[in-house]
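K.L.:
Residues per chain, in single letters:
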Amino acid sequence: MKFLFAFFGSAVIASAVMAQAVAPDVMIKTVTNDVLEIVRKDKDIQSGNTKKAIDLVEAKVLPHFNFERMTQLAVARDWRKATPAQKKILIDEFQNLLVRTYSKALTEYKDQTVVFKPFSMKAGETDVRIRTEIKQAGAGKNIGMDYYLEKSDTTWKVYDIEVADVSLITNYRSSFTTEVSKGGIEGLIKTLQAKNKSIEPEVAKK
Amino acid sequence: MKTILLSRMKKITVVMMAAGLLAGCASSGNPKDPIEGFNRAVFAFNEGLDTAIVKPVATGYEAVLPSPVRTGVTNFFSNIEDLFIGVNNLLQGKVPEAISDLGRVVINSTIGLLGVIDFATDAGLEKHDEDFGQTFGRWGVANGAYVVVPVFGPRTVRDTVGLVLDVAADPVANHNPTRTRDLALVLRLVNDRANLLAADKVIEEAALDKYTYVRDAYLQRRRKLIHDGNPPREIEADAEQIESSSTVAVATVEESQTDSAALAAIHLTVKLANADPARRN
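Just so you know, the sequences run in chain order A and B.
Using our numbering, the first residue of the first sequence is number 1, and each one after it goes up by one.
Using our numbering, the first residue of the second sequence is number 207, and each one after it goes up by one.
Calculated directly from the structure, the hints in this document are not laboratory data.
Since the model is a prediction, treat every value here as computed from it, not as a measurement.
Just so it is clear, CB atoms sit at the ideal spot from N, CA and C, and this is done for glycine as well.
Check the hints yourself; a few may be wrong.
Claimed, not checked - Below 35 Å or equal to it, Euclidean Cα-Cα: the simulated DSBU-like pairs (lysine-lysine) are:
| # | chain 1 | residue 1 | chain 2 | residue 2 |
| --- | --- | --- | --- | --- |
| 1 | A | Lys151 | B | Lys416 |
| 2 | B | Lys333 | A | Lys197 |
| 3 | B | Lys261 | A | Lys87 |
To be verified - Simulated restraints on C-beta separations:
| # | chain 1 | residue 1 | chain 2 | residue 2 | range |
| --- | --- | --- | --- | --- | --- |
| 4 | B | Ala329 | A | Pro84 | 40 to 50 Å |
| 5 | A | Pro118 | B | Leu389 | 23 to 33 Å |
| 6 | A | Thr155 | B | Ala375 | 45 to 55 Å |
| 7 | A | Val114 | B | Asp406 | 41 to 51 Å |
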């Protein structure tokens, strides 16, 4: 009996470890389908309830993103100018902005379906691109949406998204550089905070 | 028609030149955007035009017409555009793509009921995105400065020259009689705008500064399109200047605001049109 318990116990642990090392394309597919499934059923999100969409994104999507890496890439050269405390604020504020933007996109693109492009990966690869396309009702051409993922330890995390050939990170980098050149790291933090505050009332009233 | 358009573009170029000279000192230092002061003014003008007229009409259009009808309208214009895309693919020496574009037109114009239904995509013939600006880019013409063209929006010097040819070669703009042409042009504009309503809201949410956001997105997207989706990745690099190299002609429109650059580009267009694009690489 004891032996059986030990056997099943280790099997459970083993499957948990395997679940962690899930392939990046499988992960993107699962998360995307889960989120879209919920959005399709949720009338509140469909009618533009951003707060609910944000909760959904925070619970389902956020754990799969490496915001520290994203912020570092967006701030680029100026990253070393920031103190550890400033870095933490930057990561928090940027994460906040991205979560809101993503949630907004979810409430706006209700009738979308996602097509997953074929994906293959060499053994030992730690940096991959997963290509998907968004089919939108009314519009002709599909919108490309690519995820860039990096493997650290056993988990894959997204560090950039490319929508319609536009990389989120690269796009923010130019704005961030301008802000830092105008008002230093503090200036960039202030701008990000002001931006997040400006979209807050809209969330609160819903 | 063409002469009117060309003279109009000439006027715009002159305005651009004048503003470029004026705005020379009003730049915030982005090397790709030397006439930022002028561009911001035109951007504000375009936004105003959009807020006052185009966006409200597009919003009403979206509310009134059910999405299958709008898809039909999108497909109809997309089918006409495929012919033009095919020509550009041919000019870039991409023969299989050009044949595929032609195949799309044939399929969609017939069993697709004059293009209203896009059967070709379902049949595996992918829709492409090409224009004269991209063709020049493919031939090795550099971007030149970023320019916000009145009404038309973000371009670069090279893409502005491309735009002149795009408009001149546009089957819808060249349609006779003028009455149906004007109606078609308005319908296309409103439909295109309606398709962008959602994206617009997301950009408002995402952008720290809409002008910069749109500019950088445009420059990134064009770079990507010219490389047909596979440009060298820019993520770690600070800046990347070289677009592509060409053995046909290594002609570079310097980042200059004078219209001599635009004229040189037009001149070059004529020269390149006589060259064999297939010799590229």
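K.L.:
Hints first: check each against the structure and report whether it holds.
P.N.:
Verification of the hints:
Note on Lys151 of chain A and Lys416 of chain B: the hinted pairing holds, with a Cα-Cα distance of about 33 Å set against a maximum of 35 Å. Distance check on the hinted pair: Lys333 of chain B and Lys197 of chain A sit about 41 Å apart at the alpha-carbon level, beyond 35 Å; violated. Pair hint Lys261 of chain B plus Lys87 of chain A does not hold up; C-alpha atoms about 39 Å apart against a cutoff of 35 Å. Evaluation of the 40 to 50 Å hint for Ala329 of chain B and Pro84 of chain A yields a failure: the beta carbon distance comes to about 56 Å.
For the hinted restraint 23 to 33 Å between Pro118 of chain A and Leu389 of chain B, the CB-CB distance of approximately 43 Å leaves it violated. About 51 Å separates the C-beta atoms of Thr155 of chain A and Ala375 of chain B, a value consistent with the hinted range of 45 to 55 Å. Between Val114 of chain A and Asp406 of chain B the CB atoms are about 21 Å apart, so this pair departs from the stated range of 41 to 51 Å.
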